[in-house]
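Chain A is fixed; fit chain B onto it per the hints.
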Amino acid sequence: MTTALAALLVIHVIAGIVAIGIHNVVLMHLLKKAPNYIFISRLAWSVVALYLISWATSAYYYVTYYGTAVKPRILAGDAPFAHNFFMETKEHIFLLLPFVALSIALCASYLRAHPDDDALRKSTAFLTLVALGIGVATAVSGMVVSGSI
Amino acid sequence: MTIMKLLILMHVIGTVLGVGAATFAEIFYTRFNSDNIITDDERNTLAVIYTIMRTGLFLLVVSGFGFLLYFRLTEHVGIFSSPSFWAKMTVVAVLACNALLLQARIMPFLIGTAISLTSWYAALALGVFGKISASYVEILIYYVIAVILVALALQWIRARLHGPPKANV
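Going line by line, the protein sequences match chains A and B. Under the working numbering, the residues of the first sequence are numbered 1 to 149, in order. Under the working numbering, the residues of the second sequence are numbered 1001 to 1169, in order.
Take these hints with a grain of salt, some might be off.
Unchecked claim - Result set (DSBU-like, lysine-lysine): computed pairs, CA atoms no more than 30 Å apart in a straight line:
no. : chain 1 : residue 1 : chain 2 : residue 2
1   : B       : 1131      : A       : 33
2   : B       : 1088      : A       : 71
3   : B       : 1088      : B       : 1131
Said to hold, decoys possible - Across the chosen pairs, the derived CB separations fall in these ranges:
no. : chain 1 : residue 1 : chain 2 : residue 2 : range
4   : A       : 55        : B       : 1136      : 28 to 36 Å
5   : A       : 3         : B       : 1076      : 14 to 22 Å
6   : A       : 126       : B       : 1074      : 39 to 47 Å
7   : B       : 1141      : A       : 120       : 40 to 48 Å
8   : A       : 88        : B       : 1157      : 46 to 54 Å
9   : A       : 116       : B       : 1137      : 46 to 54 Å
10  : B       : 1009      : A       : 67        : 31 to 39 Å
11  : B       : 1012      : A       : 39        : 26 to 34 Å
12  : B       : 1076      : A       : 75        : 15 to 23 Å
13  : B       : 1152      : A       : 39        : 37 to 45 Å
14  : B       : 1024      : A       : 64        : 45 to 53 Å
15  : B       : 1073      : A       : 140       : 13 to 21 Å
Rather than coming from a laboratory, the hints here were simulated on the basis of the structure. Here a beta-carbon is modelled for each residue, glycine too, at the ideal position from N, C-alpha and C.
Looking at chain B on its own, in the form it has when it is part of the complex:
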């Protein structure tokens, strides 16, 4: 297996773990919070999912830098001038900051989960689409709009199914 294939494998596994864990974290949180109480068992389940999500983020970042090194050493540095590359870097940085702010309980839970979910799917989309014609600022505007829409959708789902959300995770 070549280094490039190994990096792609690591990057895909990281993305799959991250996107999957972000999705299931949201599903389980909504389900567990149906009675507005998170039990210890439910808390432990969510903790496992968040650990998987962080593992995915770690694999994504390390393999991402592995790609950059590979391109640097093979002198294919065109990617560094790509807006979608810098947008993806920004989204991953937002993911890491959001995790810290959630841990510090500075970030409101609804906004934090919306940012997490949207950022994982945005990173996936930017990786799949590769080079796109939009500029860096345009991509970030679409991203912010997506975060707002996801936050509204999550709020609507929680209000409709389980009453007002309670940030007790």
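Bound conformation, chain A alone:
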């Protein structure tokens, strides 16, 4: 693996993990009685940026390196399910995350102007929980794939 590809992989993982962590913070603040929507919307938009960075770096790594150098090793190893199930699932579910994050950010921005909309606060909190679940599942899938080489 070249240094550039290694750097892309590092950026992919760190950006993704920090994004999951920030969604966790967003959810905790949305569960408060009087959330600070300015803070929440800033965090939510930063998650969108982080997921897009994670998405772009992983896409380049996947297309230029994973398919030719990593995938054959996993399929020939003891745990081919790491690619057949976990990577195949991860690569499709992960496509949703930036859009879910974008929806959360838009809702948070709306809540900034309409802080009394409690139904939207609850719905945004639920959507953030879903995004958190997808994010954690994606991260765990990445760990399984990495551990199967």
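The following block gives chain B in isolation, referenced to the frame of chain A:
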């Protein structure tokens, strides 16, 4: 300083902050709740401690994934098949879920604090002991037993020193 040393430093700082904050959160809560009233000052003090705890968790998770990346890039992937590694991951996931459930006031405070305290010490122990002979399921059984014992101990301490606990934090 090498990347590995930087990650170890970050991981240790995260663990120290988390374990320390979890311990002091429990001590201060028990002390502050002696009159069954949490004042605004006491609430603010606890909020600072919880912020430190979350900072510790963040450092722990980011440095943990840093380790995984390092092992992945250097092709030392044996850790991924270690039961204690997956047990530690589970404990950290429980910590994060527990914080969310406490925030949402779904988790009873006594159980939540017991899970938090036990999980931090379990993560510390699993990190210090490294490779152990127990399987993943065995480790989790010990963990659940420890949570129950800590919950009983906390209940006993609070009942003995300050009367029945009141979940008003």
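Verification of the supplied hints:
{"no.": "1", "hint": "1131/B to 33/A", "result": "44 Å, violated"}
{"no.": "2", "hint": "1088/B to 71/A", "result": "27 Å, holds"}
{"no.": "3", "hint": "1088/B to 1131/B", "result": "11 Å, holds"}
{"no.": "4", "hint": "55/A to 1136/B: 28 to 36 Å", "result": "32 Å, holds"}
{"no.": "5", "hint": "3/A to 1076/B: 14 to 22 Å", "result": "18 Å, holds"}
{"no.": "6", "hint": "126/A to 1074/B: 39 to 47 Å", "result": "40 Å, holds"}
{"no.": "7", "hint": "1141/B to 120/A: 40 to 48 Å", "result": "43 Å, holds"}
{"no.": "8", "hint": "88/A to 1157/B: 46 to 54 Å", "result": "50 Å, holds"}
{"no.": "9", "hint": "116/A to 1137/B: 46 to 54 Å", "result": "48 Å, holds"}
{"no.": "10", "hint": "1009/B to 67/A: 31 to 39 Å", "result": "36 Å, holds"}
{"no.": "11", "hint": "1012/B to 39/A: 26 to 34 Å", "result": "30 Å, holds"}
{"no.": "12", "hint": "1076/B to 75/A: 15 to 23 Å", "result": "21 Å, holds"}
{"no.": "13", "hint": "1152/B to 39/A: 37 to 45 Å", "result": "39 Å, holds"}
{"no.": "14", "hint": "1024/B to 64/A: 45 to 53 Å", "result": "49 Å, holds"}
{"no.": "15", "hint": "1073/B to 140/A: 13 to 21 Å", "result": "19 Å, holds"}
Hint check: a violation occurs at hint 1 only; the rest are consistent with the structure.
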